[in-house]
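With the sequences and hints as input, model every part of the structure.
Chains as they are written, first to last, in my numbering: chain A, 89 to 200; chain B, 181 to 294.
Hints listed in this document are in silico derivations from the structure and should not be mistaken for laboratory results.
When the alpha-carbon atoms are kept at most 25 Å apart in a straight line, the in silico BS3-like pairs for lysine-lysine are as follows:
#1 A/K192 - B/K237
#2 B/K263 - A/K192
#3 A/K146 - A/K110
#4 B/K237 - B/K250
#5 B/K189 - B/K250
#6 B/K189 - B/K263
#7 A/K110 - A/K192
#8 B/K189 - A/K192
#9 A/K137 - A/K165
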Amino acid sequence: AQSVAQPEDQVNVAEGNPLTVKCTYSVSGNPYLFWYVQYPNRGLQFLLKYITGDNLVKGSYGFEAEFNKSQTSFHLKKPSALVSDSALYFCAFNYGNNRLAFGKGNQVVVIP
Amino acid sequence: DGGITQSPKYLFRKEGQNVTLSCEQNLNHDAMYWYRQDPGQGLRLIYYSQIVNDFQKGDIAEGYSVSREKKESFPLTVTSAQKNPTAFYLCASINSRSMNTEAFFGQGTRLTVV
Numbered sequence: 089a090q091s092v093a094q095p096e097d098q099v100n101v102a103e104g105n106p107l108t109v110k111c112t113y114s115v116s117g118n119p120y121l122f123w124y125v126q127y128p129n130r131g132l133q134f135l136l137k138y139i140t141g142d143n144l145v146k147g148s149y150g151f152e153a154e155f156n157k158s159q160t161s162f163h164l165k166k167p168s169a170l171v172s173d174s175a176l177y178f179c180a181f182n183y184g185n186n187r188l189a190f191g192k193g194n195q196v197v198v199i200p
Numbered sequence: 181d182g183g184i185t186q187s188p189k190y191l192f193r194k195e196g197q198n199v200t201l202s203c204e205q206n207l208n209h210d211a212m213y214w215y216r217q218d219p220g221q222g223l224r225l226i227y228y229s230q231i232v233n234d235f236q237k238g239d240i241a242e243g244y245s246v247s248r249e250k251k252e253s254f255p256l257t258v259t260s261a262q263k264n265p266t267a268f269y270l271c272a273s274i275n276s277r278s279m280n281t282e283a284f285f286g287q288g289t290r291l292t293v294v
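In structure tokens, the structure reads:
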């Protein structure tokens with residue numbers, strides 16, 4: 089079955105340090121991958137997507153992600169984390185008719 | 181402002197009751213979706229609709245029903261057949277005329293069985 093995996097439950101990072109949230113995928117064909125962020129008791133907000141083309145994708149709020157076909161990964165990165173980046177992050181893929189399948193999510197805690 | 185509005189924000193249901201969650205969008209999107217979120221499980225698709233008067237089951241449709249009588253509205257009914265309805269419910273819409281475009285989400289409804 090096709091899926092995305094987010095291997096870590098929680099990522100702790102000091103403010104100002106680089107932030108990485110990991111995602112690996114098992115998707116047939118060309119994967120259409122997304123990152124979303126969720127703040128407490130709120131809906132999801134779109135950060136970025138990979139459809140085709142450049143493997144480095146830039147998104148909202150200073151986030152970027154690198155699509156790596158050989159490692160089947162799509163890790164989310166930010167060079168310098170802010171306390172306000174503390175949230176739940178979801179990796180997802182489109183499995184047809186714009187339906188999204190999500191990973192279980194990663195809680196990011198940025199420590200002041 | 182364009183967006184998706186879900187109501188109510190919090191909903192309490194007694195055992196055996198049906199309840200309906202509202203989702204309205206003014207983005208002129210054709211496609212709408214309902215997801216269920218449980219802690220540590222990500223989001224799972226309940227139902228989706230790509231056009232008015234048509235909808236399809238998602239991965240966990242049992243115990244739920246939907247209607248799509250208007251483009252702007254996609255209400256979800258949680259029936260008494262849903263054995264574990266306590267969850268956070270999210271509605272989303274997509275401009276399906278664009279390929280692989282991002283979904284816009286509402287703020288969610290938290291349903292609790294009492």
